[in-house]
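**Student:** Per numbering that gives the first Met the number 0, the sequence shown starts with residue 0, numbered consecutively.
Think of the hints as simulated: they come from the structure by calculation, not from any bench.
All residues carry an ideal CB built from backbone N, CA and C; glycine is no exception.
Careful: at least some of the hints might be erroneous.
[To be verified] Label pairs and their computed distance ranges (CB to CB): (1) D93 to P57: 15 to 23 Å; (2) V83 to S24: 33 to 41 Å; (3) P80 to D27: 31 to 39 Å; (4) D26 to T82: 30 to 38 Å.
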Amino acid sequence: MRFIGSILHACLWAVTASAALAAGSADDLQQLRTRSLAASCAQCHGTEGRAAAGSIVPALAGRPEADTVQQLLAFKAGGRPATVMTQLAKGYSDEQIRQLAAYFAAQR
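The whole structure should be built from the sequences, with the hints applied where relevant.
**Tutor:** Structure follows, in structure tokens:
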């Protein structure tokens with residue numbers, strides 16, 4: 000099942016990248032790439048970081064960018080214990096973490 004999710008993620012990225020290249024904007028491509036990364040957070044944190052009401056998983060939408068960067072870097076370094084986030088955060092570069100934090104901070 001994880002393999003299928005990876006394939007779907009790659010296909011989604013390819014389609015969005017093609018659309019951005021057709022539009023001719025590097026900024027558009029980066030925005031689509033960041034949205035694609037953020038989509039992987041939806042399973043637990045909700046679409047665009049809006050967790051379901053009553054969820055024990057925190058919403059990411061509208062959180063201060065610096066706070067999200069700090070938390071993700073702590074997960075990545077192993078300084079903040081978690082069940083899944085420690086492993087997930089290790090898969091992101093520091094730049095991707097900053098991009099994700101900015102994306103979720105902009106979601107209101």
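**Student:** Indicate, hint by hint, whether the structure satisfies it.
**Tutor:** Here is what the structure says about each hint:
At about 21 Å, the CB distance of D93 to P57 agrees with the hint of 15 to 23 Å. At roughly 34 Å, the beta-carbon separation of V83 and S24 lies within the given 33 to 41 Å, and the hint holds. In this structure, P80 and D27 meet the distance hint of 31 to 39 Å, their C-beta atoms being roughly 38 Å apart. With their beta carbons about 36 Å apart, D26 and T82 fall inside the hinted range of 30 to 38 Å.
The structure agrees with every numbered hint stated previously.
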